[in-house]
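One line per chain: the protein sequences are A and B, in this order.
Here the first sequence stands for residues 1 to 597, where the numbers follow the working numbering.
Here the second sequence stands for residues 1 to 583, where the numbers follow the working numbering.
For the record, the hints were derived by calculation from the structure and aren't laboratory data.
Each hint should be verified, as a subset may be incorrect.
[Stated by the list, open to error] A short, non-exhaustive set of chain A residues, derived as facing chain B with CB atoms under 7 angstroms:
1. LYS113
2. ARG298
3. GLU448
4. LEU451
5. SER454
6. GLY456
7. GLY464
8. LYS466
Each residue gets a CB set at the ideal place from its N, CA and C atoms; glycine is no exception.
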Amino acid sequence: MAEYTMHILVCGGTGCKASQSELIKSNFKTRLNEYGLSDEIQVILTGCFGFCEKGPIVKILPDNTFYTQVTPEDVSEIIDEHIIKGRQVERLLYKDPETQKTVSTANGMDFYKKQIRIALRNCGFINPENIEEYIGRDGYGALGTCLTEKSPEDVIRIVKESGLRGRGGGGFPTGLKWELTRKSVSDQKYVVCNADEGDPGAFMDRSILEGDPHSVIEAMAICGYCIGADKGLVYIRAEYPLAIERLKIAIRQASEYGLLGDGILGTDFNFSIEIRYGAGAFVCGEETALIHSMEGHRGEPSVKPPFPAEKGYNGKPTNVNNVETFANIPVIINKGSAWFASIGTEKSKGTKVFALAGNINNVGLIEVPMGITLREIIYDIGGGIKDGREFKAVQTGGPSGGCLTKSFLDTPIDYDNLVAAGSMMGSGGMIVLDDTSCMVAIAKFYLEFTLDESCGKCTPCRIGNKRLYEILEKITDGKGTKEDLSRLRMLSNVIKDTSLCGLGQTSPNPVLSTLDHFYDEYLAHVTTSSCPAGQCKALVHYTIDAEHCTGCTLCFRNCPVGAISGEKRSPHYIDQSLCIKCGVCFEKCKFDAVLIA
Amino acid sequence: MEMINLTIDNKPVVVPYGTTILKAASGIGIDIPTLCYMKLDDMNIENKPGGCRVCVVEVKGRRNLSPACCTEVTEGMEVETHTIRAVNARRTVVELILSDHPADCLICAKSGNCDLQDMAHHLGVRKIHYEGEKSMYREDTSPAIIREIDKCIMCRRCETMCNDVQTVGVLSAVNRGFHAVVAPAFEMNLDHSVCTYCGQCVAVCPTGALTEVDETGAVIRALSDPTKTVIVQTAPAVRAALGEEFGMEAGTLVTGKMVAALRRLGFNYVFDTDFAADLTIMEEGTELLTRLSAFIAGDKKVKLPILTSCCPAWVKFFEHSFPELKDIPSTARSPQQMFGSIAKTYFADKIEVKRENLVVVSIMPCVAKKYESSRPEFSVNGNPDVDFALTTRELARLIKLGNIDFKALPNEDFDQPLGESTGAAVIFGTTGGVIEAAVRTAYEIFTGKPLPRLDFEELRGMDGLRKATIDFNGTPIHIGIAHGLGNARKLLEEIQAGKSEFHAIEIMSCPGGCIGGGGQPYHHGDAEILKKRQRAIYSEDTNKTIRKSHENPYITKLYEEFLGAPNSEKSHHLLHTKYFDRS
């Protein structure tokens with residue numbers, strides 16, 4: 001094997017790949033070839049670096065230079081300047097938005113400073129398609145320790161003591177789940193990895209599988225050892241082709257290295273992993289629905305109990321954990337439960353990966369310790385609200401979660417605090433909203449998602465959510481009444497109270513939390529027929545303030561429906577019967593003469 | 001057995017481990033309403049998706065309400081079934097269902113027999129507080145079953161019957177969310193599917209989403225057409241159930257009243273399918289004995305076991321799923337079709353009515369009989385042997401339209417010659433009956449000796465799969481019985497694998513046999529009704545003076561005057577059929 005003196009890490013996450021990172025990689029290879037440096041400098045397509053806002057990312061080791069928004073055309077310059085001459089390409093370095101100073105390494109960036117990367121420890125560091133690199137970073141050491149030095153009970157105790165809870169949303173103690181499945185008596189048991197990540201905007205599981213698939217494979221084998229299963233299944237949505245590809249490569253390599261298969265590491269422990277594809281139904285993230293889908297049945301949940309730990313895949317005891325949960329396991333074994341438990345809050349240990357999105361400067365994937373505040377996430381890591389606007393709310397937990405307001409900015413984030421605040425951890429979607437967001441419309445947006453994704457098995461979720469949506473629609477159309485608001489709350493509560501699975505039991509959360517925190521906004525819609533955020537088209541009117549209008553004709557020229565009339569250099573006028581409320585005039589006007597009311 | 005202590009509505013109750021809240025409550029007189037849930041006791045049929053959420057109750061310490069039908073009791077559990085929270089949730093759920101339901105109760109085929117209607121009434125729903133989009137689907141009409149799935153409430157009972165019980169697998173949930181509904185794959189029409197028309201989906205549908213094709217109008221028109229002679233045949237299971245439609249206790253035999261009613265409706269001759277059942281025994285029994293004798297004589301080519309062929313859903317089932325076995329079932333037509341064939345030849349000649357002017361109506365406990373009568377091989381020059389096959393329920397509607405006070409009717413007798421029958425024919429209406437009737441005749445013909453006994457208890461019962469060995473005077477005859485197509489499938493798979501030990505197998509598609517047919521009065525999940533009908537059938541058998549098919553004098557006469565001998569060429573032409581590969 002060649003001894004490389006330098007490594008060029010190119011982000012191979014789905015986002016950066018979409019921005020031609022593969023071409024960047026091949027350009028690097030071509031240029032290095034031309035210089036005859038191929039044996040000295042290695043180019044690797046890694047997993048996601050997390051800082052998607054500034055992708056594609058290229059990182060140069062050993063000096064840790066972190067280049068942002070690299071294009072395939074930039075490759076020559078990086079090679080000529082950085083590699084050959086040893087000078088950083090200044091213009092591709094991250095610029096701190098406040099100080100305007102360039103920052104050359106990740107450690108120096110606010111985006112990374114407050115992060116602790118456990119589940120994402122290898123993402124962006126190793127070539128996920130090379131098992132040696134994973135092994136080089138202590139990979140499969142934990143499995144070796146478990147198989148040769150520890151009994152299954154010992155391992156379960158470590159996981160229990162670590163305080164690790166399920167990262168898929170439910171937050172069930174992982175060690176306890178393993179223990180329950182271990183206690184079930186059966187000739188066959190299964191370990192299932194839930195990689196059916198369905199929250200809109202969340203992509204931590206995909207990133208882990210794309211960036212560090214071996215961590216999940218190793219953890220599944222450890223789990224199999226603990227519960228007494230020799231078979232693992234990864235349920236992954238078919239629209240994650242890159243994750244599937246890398247997982248397949250990883251499974252093959254692990255098998256070749258004797259880390260999967262029969263007699264692993266010379267012990268009598270056998271474990272193999274198969275992949276099962278999902279068709280991308282959100283509800284299949286619910287473990288009973290997932291199991292039904294794997295069995296070839298319609299992906300819909302069934303009543304629990306029996307829990308999968310007693311009766312799961314093919315009626316056999318099955319332990320289902322999510323990707324991120326598994327990714328934590330090897331580190332917990334290697335570093336010990338006390339180390340892991342030292343991170344986080346009293347009841348929520350370790351870290352959580354969030355997909356930061358919405359009206360925020362630094363969109364991306366972050367891993368932060370439990371107990372961090374929303375303020376730290378949004379302002380320190382996320383770089384604050386886009387365009388300097390006002391923070392309004394943050395939606396956590398995806399479509400099952402709720403909206404939190406300013407008053408929660410300093411609440412330490414953990415499973416229990418989020419639930420107490422009317423939201424939830426979910427799988428870690430975090431969408432930041434600024435003052436231009438209408439909260440009624442936001443609730444409607446999330447409900448529309450659940451409506452599409454409900455399996456339709458139980459009445460409250462199938463019809464209740466539909467009616468809930470229709471009431472919200474009525475309100476945003478300006479036809480709502482005050483009675484509708486109490487009806488919304490009542491119906492939401494019944495849906496939560498009576499739905500069969502977690503999807504229905506949480507689907508009204510966006511409605512309830514916005515009703516709780518933004519009741520005035522709802523009230524404005526139904527009593528004064530106005531949308532305070534100016535978002536609900538039916539309630540908005542664009543008018544031109546004659547005093548400010550200079551008659552520049554810009555609005556007139558841009559109106560797509562010819563609703564604006566007026567003479568040059570004299571005030572213009574909007575014909576309300578023609579206006580389609582597209583808002584172009586408002587955006588184009590340079591004199592703030594277009595008013596929204 | 002581990003016992004669990006709990007309280008329901010503050011009443012203490014002790015039940016075995018594994019009992020549901022619903023069952024525990026019913027034991028102490030607390031009747032928690034259910035909608036999707038259905039259980040046929042002792043028949044291994046249960047639909048328990050936990051989907052409708054009508055039966056939700058409050059369990060202390062649990063965050064959400066729990067469905068009583070599928071929540072098992074735990075030690076110390078405190079259940080409250082009618083708190084304001086539970087009642088409000090229950091009513092809201094029903095209102096939600098109603099908000100997506102066509103409000104055409106007054107003219108719906110299920111009006112008065114609808115579980116959803118009952119539930120709205122039971123809960124005192126007086127206003128539907130929700131409105132919005134309603135599900136709209138096209139109506140799907142097949143030869144036997146109509147699907148009007150605007151009325152589907154996703155209870156999944158039909159799905160349980162079609163998949164778990166019948167293993168036919170036509171109906172299942174499709175689409176998601178608000179658009180989720182039960183339908184054949186790709187929302188195709190039933191008649192493009194492998195549907196057997198067994199009608200068990202219809203039998204359990206709580207609403208008007210699945211109903212039989214209604215042919216009462218056509219029959220009324222035929223009855224009022226002066227150029228037509230209209231005759232009717234009634235299947236054995238009808239007489240044990242028809243009374244239920246008029247408020248009579250399940251299991252009340254109404255043979256005489258039924259005949260009287262049919263006569264009052266204007267049928268020119270009221271005959272009995274039982275006559276044709278006796279004829280079936282002659283044909284099928286002879287076929288069995290022929291194959292059996294050849295087998296005993298060492299003929300390796302002979303196909304055994306022989307399978308009964310009276311049930312049209314069963315016939316369609318094996319044509320779709322086991323076409324390679326289509327040489328095994330008896331070639332004898334079903335009693336309905338034997339009747340039609342004889343009526344439109346032998347009887348038409350007798351009364352000198354042209355085939356085209358003779359209308360044969362049958363009253364069946366079955367919806368598949370509608371399909372069977374429409375099969376082209378049962379027509380002559382486009383004129384079907386059986387013109388209309390009505391269900392028991394349709395006959396009740398006719399009687400009501402005829403302003404007939406059913407309960408007050410006198411008992412009347414069937415007309416002759418196609419109205420005479422034996423006890424052996426009556427028991428065709430229940431699982432085990434056809435094979436018992438066949439045994440009574442085959443034994444005497446095979447051994448040349450009179451039967452030492454007439455009741456074969458070992459062939460009776462409600463177990464889905466039964467087997468018995470009957471001693472034919474030294475020759476043991478192994479008999480298998482299956483009701484429900486899922487059970488039939490098991491026996492067929494044994495035959496495919498060459499592991500079947502049976503000489504003869506009786507198969508009926510519907511659980512319980514024809515007494516539980518898809519055309520019978522709705523049982524609403526009460527298995528006791530089926531058992532009562534079964535008992536009625538056997539008591540009718542016991543009351544008959546002649547109880548062996550080959551002793552039916554009109555059958556003997558039919559062979560003498562017309563057919564010659566069983567399995568003769570003429571018999572083959574008129575009374576036998578062939579099967580098709582529909583795979």
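Consistency of the hints with the structure:
The beta carbon of A/LYS113 comes no nearer than 39 angstroms to any beta carbon in chain B, farther than 7 angstroms, and the hint placing it at the interface is violated. Interface hint status for A/ARG298: upheld, as the beta-carbon distance to the closest one in chain B is roughly 6 angstroms, under 7 angstroms. The interface hint given for A/GLU448 is broken, as the beta carbon of that residue sits about 10 angstroms from the closest beta carbon of chain B, more than 7 angstroms. For A/LEU451, the interface hint holds, the least distance from its beta-carbon to any beta-carbon of chain B being 5 angstroms, beneath 7 angstroms.
A hinted interface residue such as A/SER454 counts as satisfied when its beta carbon comes closer than 7 angstroms to some beta carbon of chain B; here the least separation is about 4 angstroms, so the hint holds. With 7 angstroms as the threshold, the beta carbon of A/GLY456 comes within range of chain B, its nearest partner Cβ sitting at about 2 angstroms, so the hint holds. Evaluation of the A/GLY464 hint against chain B yields a held restraint, the C-beta minimum of about 5 angstroms falling below 7 angstroms. The beta carbon of A/LYS466 comes within 4 angstroms of a beta carbon in chain B, closer than 7 angstroms, and the hint placing it at the interface holds.
When each numbered hint is compared with the structure, violations occur for hints 1 and 3.
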